[in-house]
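Residue numbers (my numbering), protein chains in the order written: chain H, 37 to 127; chain G, 2 to 446.
What the hints contain is simulated information worked out from the structure, not anything from laboratory work.
Just so you know, even glycine gets a beta-carbon here, dropped at the ideal spot from N, CA and C.
Possibly wrong hints are sitting among the right ones.
Claimed, not checked - The calculated label-pair distances, taken between Cβ atoms and stated as ranges, are:
1) H:V40 x G:F436: 47 to 53 Å
2) G:N68 x H:A39: 40 to 46 Å
3) G:D61 x H:T85: 52 to 58 Å
4) G:L29 x H:R80: 14 to 20 Å
5) H:V52 x G:F436: 31 to 37 Å
6) G:F436 x H:A39: 29 to 35 Å
7) G:I425 x H:Q49: 41 to 47 Å
8) H:A67 x G:I425: 54 to 60 Å
9) G:L29 x H:A67: 55 to 61 Å
10) H:V52 x G:A76: 50 to 56 Å
11) G:A421 x H:V40: 35 to 41 Å
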Amino acid sequence: MGAVLNLAEFVRQVTVAVMSVAWFVFLVSWAVGWALRGSPIPFRNLKRTGQSLIEDSVLAAFWLALGTTIFALISYIASSISLPMPPPPTP
Amino acid sequence: MEFLSLAYMLSLLTYSLGAVFYGSPLPLKSVKKWGVLMMYDGLASAVLVSTYSLLLKLGDYFLAILNASWPNFIAWLTGRATTLVVSYLAIQSIAAALRVSGADILVELMKHVSSLVATSLTAIKMIYLVSTVVYSLRDKILAIGILLYTIPLRMGKSVGAAMIALSIVYYIGLPLMPAFASAFESSPLPIAYDRYGAITGSIVDALGSPIPHAVVKLYRSSRDPVVVVLGDSEGRFYIGPPQDLLALEDEFKAEVVFMGYAFEADPQVIKVPWSGSLRISNMFYAGKGLSVVVIGIVEISSINLMSESVILDLEVLSSEATIGFLKLASVEVENIFIGVEPIECRWNSFSWEGLEVEECFISFSEGRYSIQLNYLGSYVPRPKVEEKHYIDVGDIVGYLNTIQTTAVSYLYSYLLLPSAYLIILSASSYALSKFLGGGLRLRII
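Using the sequences and the hints, build the whole thing.
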């Protein structure tokens, strides 16, 4: 079981690395989005792509920032469901 | 649970990777779609990881609601397996009896029946195996299922979902099998193997001493004996399975043949099953190949059987009586005295079942006598008797039909019904695994 724990630790480190990479990716995405949107090329599709890139990067950053909170919330709700029900109140 | 912490980390990783894909600067729709799917998967698997203990408790909760329990189910399975094993052994012993008795046609039928029972037994054992695996390993199956479910890029999602569904559905479903089975069949009884009995005992003379190598013949209505068996050197004999199949409560007339003479046995009529002594009331076996036969109304006041002499004190009550001496040809009679006077007796010889036997008879009128015979005894060999065995064919054909019907009902109750139930459970597991996002088909986005 020690190997499993080591693996869990490794996965945790990978997750942390992925998360830090993610912020750079979002930043790049946001910058590229603005660059495309503000570029002097008069293609509507290009502008729209830029717009969606900006939106996606902001949304993704939002969800990533909320990620740990959401997971904690899920754990909390699930564990409170598994707890035995409180007895009914007595008058 | 280490597996669960690993699964939790993996779901977090899946979620982060999804966010990366979603927010990546690649303007490809498929990448974005994968990103969203992975974020969703990460959340779903986090929910599964968190509800692990809830899922375990849920199984017990449902079982409590449905009034089913694993110990009862295991007891039910064990009971059925016992029934089948008992029946199988019964069939095997009857088949062995038939084979020894030479009823080969019936043996073929028994082979068919025993294969039916063996198939049912295998089915029950398989269910037992599956149940044991589910019962003892379900928490591990659930944990590994969740772990597989959480691997990023949906690599183990189908298998994981199937394992989660299996551990839930089978844990709740299997203990309900008795209820399912009882709705469709009445519990079949084991095949009885006590329909046949045996006749066993020992052959003794008027004094209760065993007679070696005597022949026991049993008669029914005809003049020919239906059973002929040879007793051993201690006078014991056995008629019963596997050589003979005697139905219980059947009656036979018994006769004992010794040294070429047929004697009425006491008791004369034997009812199956029987065990006891078959007594010949008008013969004494002196030992070492010499016997004394009394014909007529005689009161014997004393008998003295020594190693090499016989002394008889008797009173003849009728007008005439006869005392016969039977001996093997190898036995040497030195002299015979009546009172103190030696007498000559003419020995007639004849052969009986490969043995040379000699006889001599002395007649007496009414009165008291003392007879003494001195002899040199010899070893008593086995007569070459052809034994005859008996199978109650009329009874056994009906019995075999009953067995066959029972065996077919076993096949229905123990193979078809549980298999159908397992198929229902598998279908339910498949449906649940599809709900969890699995299913047998690999989903491509």
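Hint check, failures only: Result: hints 1, 9 break, sorted rising.
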